[in-house]
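J.: In case you want the letters, here they are:
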Amino acid sequence: MIADLTPTLTRFEHAVAEIDVTSALAVVDEALASGADPIALLTEVIGAAQRAVGDRWQRGEWSVAEEHAATAVATAATETITREVRRGPVTRGRVVVACAEREWHALPAMIIDCALRSDGWDTTLLGASTPALRLNQYLQDLGPDALAVSCSMLGSIPTARRFVEASTAAGIPILVGGPAFGSDDLRARTLGATGWAADATGAITAMRELPAVVQPAQPLADGPVEEQAALELNHGELVATLTSRWPRPDRAGSPELDPALAKDAVELILHALWAALLTADPRAITETAWWIRALLEHRDAPVALVATLHQEVAGAIRDYPLAATLLDDSWPSAERL
Amino acid sequence: MTGLEPAELGAYAVDEAGRIDDRPGLHEEIGLAMAGSLNVRRSVLQLLDRLCPEFADWAVVALTNPRTGGVQLYGGVDVTSVVKVSRRALAGQALERVLATGRSELLHVSSDDLGDGLTGLIPHQALRDQAAALRPADVLGTGLTARGTVVGALITVRGQGRGFGAADTELAEQIAARASLALDSARLYEQRSQIANALQNSLLPPELPTVPGLDLGARYRPALEQLDIGGDFYDLFQRDGEWLVALGDVAGKGVEAAVLTGRARQSLRTAAHFVTDPGALLAALNAVFTDDISHRFVTMICLRVRPQPDGGLLVDVAVAGHAPPLVARAGGDVEEVACDGAVLGVVPVAEYPVTTVRLAPGDQIVLFTDGIEEARGESGFYGQERLLELLGRYAGAGADVTCAAIEQDVLEHLDGRAHDDIAVLALGCTG
Ligand code: B12
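Listed in order, the protein sequences are those of chains F and R.
Using UniProt numbering, the first residue of the first sequence is number 1, and each one after it goes up by one.
Using UniProt numbering, the first residue of the second sequence is number 1, and each one after it goes up by one.
This is chain R alone, in the form it adopts within the complex (with noise of 0.2 angstroms):
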């Protein structure tokens, strides 16, 4: 029936009748396939992809929605198929008891009424096709229950002449036993996956805009690197013709870290309608994290750009606690901007000098984080010095390519080790 030769079944076990009896050791192998996986769509695709044609000619794998009792149905001729069915559909079907029972149930299919021995357990037309296609003698229901629920069952199909018998059965159940354990893990993952990742999305740096005038550039690489945020931050909008622009380090690391930089960024946006001198929005933000109850400190540069009818830029300058940001022109200078302040959160009344500096076509400004100068590699801290190297040899390229430029620069100086969270931002004036 399959063509293969005695001499190539191998680990097959054959039964008297010359059949190919069940491999041995399936049920492992299903379940260490769908340990590798902790995705639900996955898992169901590591689990059918293994069934057929070792177990069963054709299989279907039936998950609940608890929410609404329907089901989907993954797989058939094409694995990667899914189709939803309502329970209403459901309703006094075979599947039907075996989702609220758990318990196995086998349909012998007769070959003059192959339709209706197929409807208790295959709930959709197209599928129920296919199986019909296959001259099916029987269908095998097998509960999926995981952690006392039932969360699906397991549907396979075998043709005219290999039938399941009661050691098939048992087989079945010893799969769907590892199976339902690894899709009800793959399932409590996703929905958490999908809360952390609906946080996650409302914490992640800004887009950056197109701005006429302005060049803008950013990288972020976050210290846990399985996340896409962490404890540094940077924003930028609009007020009033001008462009206010912050970058800034909340102490700590990962989740917790990162919700505060959320809380940062909208303060400083809610400040930003009553004023939008850097100075007085740092000096604001200062007494809001002092009241905080979070007790965490602070370290930001806010900038406001002011574009000049020369083409020109202003950009006044404040600094909380931070690395001052460095200016890059287009002949290859650089310079630090002359600029400090205390840390926010710290003191309950602090005050935030503002220094302006101008910006010529070419010329950039660029705001990081401590994670680059405290980078730390095998020859020790990647610190200032290479950093105003790079920029001075990076002079005019751009914003963006300077980001990328000092992002590549530190990883490769890190080359594999842990770092702290690592933000960069330029701004560029195109004239």
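One chain only, chain F, in its complex shape (with noise of 0.2 angstroms):
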């Protein structure tokens, strides 16, 4: 049955603006009542949803508090699609889904821990920011077929790379997908991941296929992994040189950027660092670069502010010649910004 979710997304959408799950959830229950597919709901109408959510608080429509609180409502949903979920037998084998430490988007996760089950495997969501020892004692006392891990934040890469080591050592195969991963699988192999997926029904056929038992994964160059550990180290006080430097009050001396912003966009490129020097993939900088431009562009504030920042951070990170390096080459030119 190919139903069209259209009018569903439409009054999901205005349930999640309005911060009423009691609708939000009758738009649901009724759509599962007359047949949709679960999957379809995740991501046709709450992942959907979720974007819209995400681009508010991008225009400054709302607070990070709202984008929470309307994140709840999602939350609500996909609770109540996964409960339904759970009414199907098991028929598969067992896995567990994490996010990966410091990692707060929790509801890609609940997403694809539903979207599993639905699948037939056996599954165990430990939710957000999963320290790895936690997720250790969880793989030695389940002993799962495959782990599943997302992330949204590329400040996430270097703890799903932990994952991956304690994943791989007991020989257990990982599935890695998120926004953190990118668009193709690049991020994930280099990481030494199993398997990655670029949504809910990719993770569903990603994990019917991963082998049962893998080889541990093998080490990262030294050199990009010594320079990612320093900056981690080190990253507070980057953090504080980098936003006392920007941006610069204007000339009546007031913020060009609300100072929250400017704190989210210098940790951001801060963390594309880490994750193009772990993944080897610089795309992760040039991607930063544009939503951090977006972001400007939203709040009003001076685009020109991007080019700054490249200098200011090409200015912390003299010392760091690889993460120097990925910065100037993969950072926009001032005539396509």
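You may find that some hints are simply not true.
List time: in silico SDA-like cross-link candidates among lysine to any residue, alpha-carbon distance up to 20 angstroms [said to hold, decoys possible]:
hint: 1; chain 1: F; residue 1: Lys263; chain 2: R; residue 2: Asp409
hint: 2; chain 1: R; residue 1: Lys253; chain 2: R; residue 2: Ala323
hint: 3; chain 1: R; residue 1: Lys84; chain 2: R; residue 2: Glu96
hint: 4; chain 1: R; residue 1: Lys253; chain 2: R; residue 2: Arg296
hint: 5; chain 1: F; residue 1: Lys263; chain 2: R; residue 2: Leu390
hint: 6; chain 1: F; residue 1: Lys263; chain 2: R; residue 2: His413
hint: 7; chain 1: F; residue 1: Lys263; chain 2: R; residue 2: Glu389
hint: 8; chain 1: R; residue 1: Lys84; chain 2: R; residue 2: Thr119
Heads up, incomplete: computed chain R residues facing chain F, CB under 8 angstroms, no partners named [stated by the list, open to error]:
hint: 9; residue: Arg41
hint: 10; residue: Leu45
hint: 11; residue: Gln46
hint: 12; residue: Glu225
hint: 13; residue: Arg393
hint: 14; residue: Ala405
I should point out that these hints are in silico values taken from the structure, not numbers from a laboratory.
Even glycine gets a Cβ: it sits at the ideal position worked out from N, Cα and C.
Taking the hints as your guide, dock the two standalone chains into a single complex.
T.: Structure representation (structure tokens):
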């Protein structure tokens, strides 16, 4: 059955905008009752509505608290679908689903958990920012057939690598996904993950194709690993330096960008350097530059700040030659910005 | 036979007949791989994965069940398969001898009595069929002996033209020596972890119920990150149409403290059969803990929630040596509930005054343990200021979201540093 979910999405988005859990659940219940495919609901309704939530935050229409509250609506809807899906039988092995440490976007992992359960896997969801020690405990206690890890933020790429090591050391294959991994499998492969997929449907296919046993992940190249570790160690200091210099107050002395946002942007670009070092994928930096540009534009801040940020970061990381080269090679040129 | 050119063979030794010999160091590699797992099933998978085709064309690991005397057979064509075989099925067979003595047995299979040759070491029809399909030459059963006990056997099969020689049997025994230790350790770990998990499950924070008119949320992060329990606790339950909510902290961390949280929760639930006034409840618990031989101090907040006809909630609050709860109003004002009382278990008789607050729709009351305020980051303690400011920003966002935001903010403040147990519970009024 191919149902058009557009009307469902419209009603659901409205409920999310009003932060009205009751109506949102009614929309989902109704769709499920009329036989809508749970996976389609997850990706085409809940996932799509969440992107609109992100856009609202980026445009400054919503505070983080509002973004968070709206996500609670989507979370409740996902829980309803998961409850429905859990009525089906378990027909495959066991999978542990987790967010890397420092990853607070819990909903994507929840959606993947639901999708895999609907395909018959016996899933255990560990939730937001899972400490590596806790993950290991679950891997040893449950002895799962696979681990699925979700990363939305580039800052959680280093802990995702730790998860790769923990999982593969025990022979357990690891499937990764989420916006931090980008739009193809390059980052996942370099990190040593067994599989990558772009979305919930892809997660189902990829999970079925994972081998039963994998070899321990190969060590990453020493140079980039050492630089990333040094950048992480000095992160607090780098953020403090950069936020004191960027953006400079305008002529009237008022900040050109909300300081909390400036800090988000600075953190993100440093995290992009971590990710680019570990995954050998400089696109992480380019994408972040464009994201910062969009943020500035949406918040009516001068777009020229993207170029000044580049200069400030380049100055601050002069002692990290690999990162400095990556930054210069992948920052979009002034003309393109 | 394998299609590999000699140049590609690398570390493999090739004997005079041109056959690939066993890879040197395979037993070491298997030992290392198996050390990476403490889970029996995953350890078996590590072993099976490296045995074929390196050492054999087909392999099964048999592990005995000390309780029933039967065996579980792991692997075969599908390495993930597991089948059970009863003790009776082994009677009089070669496998029974291997499991009893730990000594290897090598059976040659002749092409005319395929089935019979395999029966001795492969006590399962479907698995025998798989092995038979390989046109096997030899079946080798190697005992898995660890710490003085035979825990199982390794059953390997090779096809025509590459039967097991003396060196192969020796290598199988070297592999078995490493594998059996790893498997036995995994088995010991698994038994322990089953006990630990059963006990842990009885001490987990309760799942939050869905209650009309109430909006509930909670988060729990134990100091020992590998555990799901610690010295903080919360509980909530219904008595006569009212809800009793408690959140507290037993001095200390880890398992010992967690055991006491179970007693604290149980005492509270028992006492609540007789009184439901939070002050009286804490006074009763104080008497219980002063008598208690464990001599641990317990701090606690106790709430009684009384739904009102107008949709509001009256919340009676009593506090024993704990940071008082905060009330976050729908409009963004945040205030501390004025309430105080002695830590439980110190003075034999103590009184706990009750303060009543009113929650209107959109308001919430937030209970938390000192792991939050005392979370130490680069810039010092997290402190109450940050918490008050966050609650103001999250006014009206809902109980679960508020708790999630506090958890994230505190953990980001910690930035990976060690912390005490952290528990937070929010109760909102939905009207
Ligand atoms: C909700 C939300 C939050 C909530 C999360 C609450 C929760 N319980 O999940 C909160 C408020 C905590 C939050 C915090 C932050 N957020 Co936020 N957030 C979002 C938002 C709006 C939605 C995320 C979501 O649920 N998406 C829906 C899911 C279904 O989509 P998805 O993630 O793409 O997942 C699909 C695939 O990627 C894939 N997939 C995902 N995981 C996996 C795993 C496997 C194994 C596989 C195979 C596949 C797979 O399948 C999924 C389904 O098809 C996004 C906007 C957006 N466009 O996504 C921003 C967004 C991700 N956040 C952003 C930012 C900047 C932040 C903050 C830094 C600041 C802020 N806004 O508060 C912090 C950082 C926190 C941290 N360190 O983790 C930016 C990230 C920008 C960037 N370049 O990285 C975004 C894109 C917003 C924006 N438009 O700018 N956020």
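J.: Are there hints from earlier that the structure breaks, and if so, what are their numbers?
T.: Nothing - there is no hint that the structure violates, so all of them hold.
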